[in-house]
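> Chains as they are written, first to last, in the numbering used here: chain X, 1 to 101; chain U, 1 to 177.
I should point out that these hints are in silico values taken from the structure, not numbers from a laboratory.
Each hint should be verified, as a subset may be incorrect.
Unchecked claim - With a cut-off of at most 20 Å between alpha-carbon atoms, the simulated DMTMM-like pairs for lysine to aspartate or glutamate come out as follows:
#1 U:Lys91 <-> X:Asp94
#2 U:Lys122 <-> X:Asp58
#3 U:Lys89 <-> X:Asp92
#4 X:Lys89 <-> U:Glu160
#5 X:Lys87 <-> U:Glu160
#6 U:Lys91 <-> X:Asp92
#7 X:Lys86 <-> U:Glu131
#8 U:Lys23 <-> X:Asp94
#9 U:Lys23 <-> X:Asp58
#10 U:Lys136 <-> X:Asp58
#11 U:Lys89 <-> X:Asp94
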Amino acid sequence: MTIPMEQGILLSAILFSIGLTGLLIRRNVIFMLMSVEVMLNSAGMAFIVAGSAWNLADGQVMFIFILSMAAAEVSVGLALIIQLYKKFKTTDTDKASTMNG
Amino acid sequence: MNILFYIAGLCSIIATAKMIACKNAVHALLYLIASLLSVSVIFFILGAPFIAALEVVIYAGAIMVLFVFVIMMLNVSSEGIKEERLLLKAKTWIGPSIISTILFLEMIYMLLHQSFHPMVVKQLAPLAVGELMFTKYTVVVELAIFLLTAGIIGAYHLGEKEKTTLHRYLKKEELIV
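Starting from the given sequences, assemble the full structure and let the hints guide the process.
Printed below as a string of structure tokens:
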């Protein structure tokens, strides 16, 4: 089976654009974090496609690093969301624009 | 095998698009899990079975369970969904969507106006990945360990409960919003 490399990169570009659009249009901080997850995942997919195009394992190693980075980012981000909800009783990012305490 | 790639790709695109348009947080999360599972199928087709397994176990398993717990803790009610509907007006999303569509079209143009590079997909065993990780990329593995440690400490620190003050004179003033 031969899949052109461009189509794999194109799929990851489409997913990245959808994630970016979600990050820009949503104001609920949970949805923004989910969109960031989609974007990280699509960036990892680009690494996998490139790695399998040149038949090297480096792309897969990079994906593992992206995965660990995403896990750390989500744990800190969700703790921040809980703090935000405790302070402002909402997950709307516009409400958290006062920047005090 | 080619047709499987296209079906899985279409599934992931549809699921991700539904995810960003969904009002209910739990429904959006289910769509996100479907998208991650179809991406994992794509990884399997591209000859990375180890990564496909990691995607299911860590992304769709661990990280999404964290999301579910937090959404349960925040207790998103029907009022929240109504509020979302008010926030998601055409005026708010048309501008950013146009800009990201332009960027996306530029990317398509760049990708399609060059000679195609056919991939002959071969399965790469997990052995090669592990070997490379602990020989060539040892420093990066250690950096990832630092990052995860910082993540654990940060999540613990941020998620901590406020300490109860024993005397009323020691109490700080409440933040008024």
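> Take the hints in turn and mark each one as holding or not.
Hint check:
1. Among the hinted pairs, U:Lys91 with X:Asp94 is consistent with the structure: their alpha-carbon atoms are about 16 Å apart, no more than 20 Å.
2. Straight-line distance between C-alpha atoms of U:Lys122 and X:Asp58 comes to about 14 Å, which keeps the hinted pair within the 20 Å bound.
3. The suggested pairing of U:Lys89 with X:Asp92 holds, with an alpha-carbon distance near 15 Å, which does not exceed 20 Å.
4. Between X:Lys89 and U:Glu160 the alpha-carbon distance is near 17 Å, which keeps this suggested pair within the 20 Å criterion.
5. For a cut-off of 20 Å, the pair hint linking X:Lys87 to U:Glu160 stands: about 14 Å separates their Cα positions.
6. For the given pair, U:Lys91 sits about 17 Å from X:Asp92 by alpha-carbon distance, which is consistent with the 20 Å threshold.
7. About 45 Å separates the Cα atoms of X:Lys86 and U:Glu131, which puts this hinted pair outside 20 Å; it is violated.
8. With a C-alpha separation of about 17 Å, the suggested pair U:Lys23 and X:Asp94 falls inside the 20 Å cut-off, and the hint holds.
9. Taken as a hint, the U:Lys23 and X:Asp58 pair is broken in the structure, with Cα atoms around 39 Å apart against an allowance of 20 Å.
10. Distance check on the hinted pair: U:Lys136 and X:Asp58 sit about 9 Å apart at the alpha-carbon level, within 20 Å; holds.
11. Restraint check: the Cα-Cα separation between U:Lys89 and X:Asp94 comes to about 15 Å, which is no more than 20 Å; the hinted pair holds.
Comparing the model with each earlier hint shows violations of hints 7 and 9; every other hint is respected.
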